[in-house]
Structure formats: C-alpha cells, structure tokens
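Trainee: Sequence:
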Amino acid sequence: MARRTKSLTLPKAPSIYRGKLALLKDGAFHINRSQKERASAFVRALKKYPKEIQVADGHAFEFGSTHLAFSPPCPTDSTTNSGTS
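Take the sequence shown: its letters are residues 849 to 933, numbered as in my numbering.
Keep in mind that the hints were calculated from the coordinates and are not lab data.
Built from N, CA and C at the ideal position, the CB exists for glycine as well.
Among the clues, some could well be false.
[Unchecked claim] Computed Cβ-Cβ distance ranges for the label pairs, DEER-style: (1) Ser913 with Ala889: 18 to 26 angstroms; (2) Pro920 with Val891: 16 to 24 angstroms; (3) Asn880 with Thr914: 17 to 25 angstroms; (4) Ser913 with Ala893: 25 to 33 angstroms; (5) Arg881 with Val903: 29 to 37 angstroms; (6) Gly867 with Thr914: 34 to 42 angstroms; (7) Ser863 with Arg886: 18 to 26 angstroms.
[What the hints assert, rightly or not] Under the rule of at most 20 angstroms between Cα atoms (straight-line distance), these lysine to aspartate or glutamate pairs were calculated in the EDC-like manner: (8) Lys868 with Asp905; (9) Lys873 with Glu885; (10) Lys884 with Asp874; (11) Lys868 with Glu885; (12) Lys873 with Glu900; (13) Lys895 with Asp905; (14) Lys868 with Glu910; (15) Lys896 with Glu910; (16) Lys895 with Glu885; (17) Lys873 with Asp905; (18) Lys873 with Glu910; (19) Lys884 with Glu910; (20) Lys895 with Asp874; (21) Lys884 with Asp905; (22) Lys896 with Asp874; (23) Lys899 with Asp874.
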C-alpha cells in the first residue's frame, strides 16, 4: 500500500525502484503549480533508488519484445503551452 505525506502519495517501499529505470511524467511542463510541487517531492523521495529517471512524455521505449509509447503532455486550462502556470 501507499502512504500519504502532505497530500503526496509515496510508495510504501520506494526501494522497489532500486536499480530500475523510472519513466515519469515531466514534472516541470504542462502542469499546474500544485502538481509541480508534488512531482518535485515525489522525485526527491525516489531519486536515490532508480538506476535512472527519464521523462516519458511523448517518447517510446522498447524492452525486449515490449514496446511502451507515451503520449505528449496535454495542457489543462490552468497551464499553457509555454510550460508555465
């Protein structure tokens, strides 16, 4: 299960990311201020565990016979295409 910290849900055992590639939504663009704050806290909590963290938005990845494709970020009413809120 997950635990909640200041409206942020963190994995109960972030060590499950140890040595792995973490594919995350871009925490800097096309999101509002509150989302940026949560994304920053999430990455700070996890950054010592994964082998690597990559932004997944708009990219495709292949792992053996598995193909993962992520859509580009979709701006909301509270964000603009410039990446600011």
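Trainee: For every hint, state whether the structure bears it out.
Mentor: Structure-based check of all given hints:
| no. | hint | in the structure |
| --- | --- | --- |
| 1 | Ser913 with Ala889: 18 to 26 angstroms | violated, 35 angstroms |
| 2 | Pro920 with Val891: 16 to 24 angstroms | holds, 20 angstroms |
| 3 | Asn880 with Thr914: 17 to 25 angstroms | violated, 32 angstroms |
| 4 | Ser913 with Ala893: 25 to 33 angstroms | holds, 32 angstroms |
| 5 | Arg881 with Val903: 29 to 37 angstroms | violated, 19 angstroms |
| 6 | Gly867 with Thr914: 34 to 42 angstroms | violated, 18 angstroms |
| 7 | Ser863 with Arg886: 18 to 26 angstroms | holds, 21 angstroms |
| 8 | Lys868 with Asp905 | holds, 18 angstroms |
| 9 | Lys873 with Glu885 | holds, 13 angstroms |
| 10 | Lys884 with Asp874 | holds, 9 angstroms |
| 11 | Lys868 with Glu885 | violated, 24 angstroms |
| 12 | Lys873 with Glu900 | holds, 14 angstroms |
| 13 | Lys895 with Asp905 | holds, 18 angstroms |
| 14 | Lys868 with Glu910 | holds, 14 angstroms |
| 15 | Lys896 with Glu910 | violated, 24 angstroms |
| 16 | Lys895 with Glu885 | holds, 15 angstroms |
| 17 | Lys873 with Asp905 | holds, 6 angstroms |
| 18 | Lys873 with Glu910 | holds, 17 angstroms |
| 19 | Lys884 with Glu910 | violated, 28 angstroms |
| 20 | Lys895 with Asp874 | holds, 14 angstroms |
| 21 | Lys884 with Asp905 | holds, 15 angstroms |
| 22 | Lys896 with Asp874 | holds, 18 angstroms |
| 23 | Lys899 with Asp874 | holds, 18 angstroms |
Figure legend: structure checked against the earlier numbered hints; hints not met, in rising order: 1, 3, 5, 6, 11, 15, 19.
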